[in-house]
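Visitor: Those protein sequence lines, which keep their order, are chains A and B.
Offset between the first sequence (1-based) and the working numbering: plus 1174.
Offset between the second sequence (1-based) and the working numbering: plus 580.
It should be emphasised that the hints constitute simulated quantities derived from the structure, not laboratory data.
Just so you know, not all the hints are guaranteed correct.
Said to hold, decoys possible - To give an idea of the chain B side of the interface with chain A (calculated C-beta under 8 Å), a few residues: (1) Q636; (2) S753; (3) Q756; (4) E767; (5) L789.
Everything numeric in this text was worked out from a predicted model, so none of it was measured.
The beta-carbon is built from N, C-alpha and C at its ideal position, and this holds for glycine as well.
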Amino acid sequence: MNDLLDGSIQATRLIFSLDSALYEIIWLSLYVAGIALAFSAIVGIPLGAALGLKRFIGRRFVMALLYTGMGFPPVVIGLFVYLMFSRSGPVGALGWLFTPRAMIIAQTIISFPLVAGFTMAAVMGVDPNLRRQLLALGATGWQATLAVLVEARIGVIVSIIAGFGAIISEVGAVMLVGGNIENKTRTLTTAIVLETRKGNFELAIALGIILLLLTFLTNVAMLRLQGRE
Amino acid sequence: MVSPAEPTGLEVGRLILATTTSTDDSGLLKTILPDFEARYGATVEVIAVGTGQAIQLGENGDADVILVHARSREDAFMAAGFGVNRQDVMYNDFVIVGPAADPANIKGLTDAGAALAKIAETQNVFVSRGDDSGTHIKEQSLWQATNVSLTDATSIKNVDKTFVRPEGEWYLSVGQGMGSVLTIANEQQAYTLSDRATFLARKAQGLDLEIMVEGDSRLFNPYGVIAVNPEKHSNINITAANAFIEWLTSLETQQLISQFGMDKFGQPLFVPDSAAWNAAK
Chain A
1175 MNDLLDGSIQ ATRLIFSLDS ALYEIIWLSL YVAGIALAFS AIVGIPLGAA
1225 LGLKRFIGRR FVMALLYTGM GFPPVVIGLF VYLMFSRSGP VGALGWLFTP
1275 RAMIIAQTII SFPLVAGFTM AAVMGVDPNL RRQLLALGAT GWQATLAVLV
1325 EARIGVIVSI IAGFGAIISE VGAVMLVGGN IENKTRTLTT AIVLETRKGN
1375 FELAIALGII LLLLTFLTNV AMLRLQGRE
Chain B
581 MVSPAEPTGL EVGRLILATT TSTDDSGLLK TILPDFEARY GATVEVIAVG
631 TGQAIQLGEN GDADVILVHA RSREDAFMAA GFGVNRQDVM YNDFVIVGPA
681 ADPANIKGLT DAGAALAKIA ETQNVFVSRG DDSGTHIKEQ SLWQATNVSL
731 TDATSIKNVD KTFVRPEGEW YLSVGQGMGS VLTIANEQQA YTLSDRATFL
781 ARKAQGLDLE IMVEGDSRLF NPYGVIAVNP EKHSNINITA ANAFIEWLTS
831 LETQQLISQF GMDKFGQPLF VPDSAAWNAA K
């Protein structure tokens, strides 16, 4: 109990201490998750919308793949990215292993099925008559799809929130492909693992509280994007 | 060679052993623990972590006995009254490993400090555990013995422990276990400090690194076993802890330790060092 209480006190103290190492770690966590999420949204939202609106051959198969991806263990994705970028792997010559780039790639693969899957579900929940009427009124296919996405925006934002939640809290893959290198690839989650291993439970729980706060604030910001009901 | 385990008639029950990853990863515990469990009717639960966390687990009363290698920390643990009955167990040694090409030209040096200084001077990549493990503590003491300028490396402040590291992009502090550090060093074709046992085990699996420096007396790595003080935490199984210590330092078990690794690596991974063993020699 003492560690928990001391941890909360230390979390508060750390936030206001403007410790450069801490802010570097927070920045890297947000940077990697942010870029990965942007990639996931660029690919995942159109794919989710297409799966929700169109009927085409192989659609069920793609959906099955997506659902599998939503439950795929992040550490296995990390292992896959590691083997790809390893010195003896197919793209090892790029030298991206143990850099933020490899972390972004792993986190994109982790979050993209969540964004696409939840977007698909949200789009399917929109009354199909909306799209039909818009098309009848002379809207182009793109305009009608955009209108459906706007109508389904609550679900689409949820898809991004789910993707963000999955990668900001993820530790196995970023540890594996990032290497937890001080001042370079250390994130909040890998720092928590490290401080726990060092026996600094108080600092570890303080970092956990900071991570929780950060996730909370990000979600509040995203909910504002959803707009009013 | 190995005497069959004879039950002592005791039933000491469940024992939580917090230890360093090296004793577990090397396979030593898996080899010798069944003998203890058979003799003493015990069930041993092994928590394999860094020395820092193993000691913390002892302080928190989450382990009954600890088997670690960081003498100064062990002494501090005893002095603070967290431990009772500390015994020497065995030692192994550290080696500086690196790529076969040896760009820093340190192969064959017998002075570990001079070797590190050359790595720093040539700015070759060096991977550090950076996790407050016994290996990390040893590495820092070796750097301190060189004239390489060191900087405060306590990554996030407000912690009572401080760390040092050389400055520079070439020094990678990764905060991970020995196995992961060797993997990273292998990928980067970098230098690192490893305990011999873990290095040999990984080398047998195809690690593309070689031993560069060995034999310096400062690379000596002694292990101690300590029972957690039951007066600090009432849930400590002190009977089992003391039985474990007596067994681990006994002549028979020390004999087991001295043979461990011979079949697989052609050399023992640990050298027995208990009082009973040394008296018999």
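Visitor: Each hint needs a verdict: does it hold in this structure or not?
Guide: Structure-based check of all given hints:
1. Q636: With a closest approach of 3 Å, the Q636(B) hint holds.
2. S753: Constraint on S753(B) satisfied, holds at 4 Å.
3. Q756: holds (6 Å)
4. E767: holds (5 Å)
5. L789: Given a least distance of 12 Å, the restraint on L789(B) is violated.
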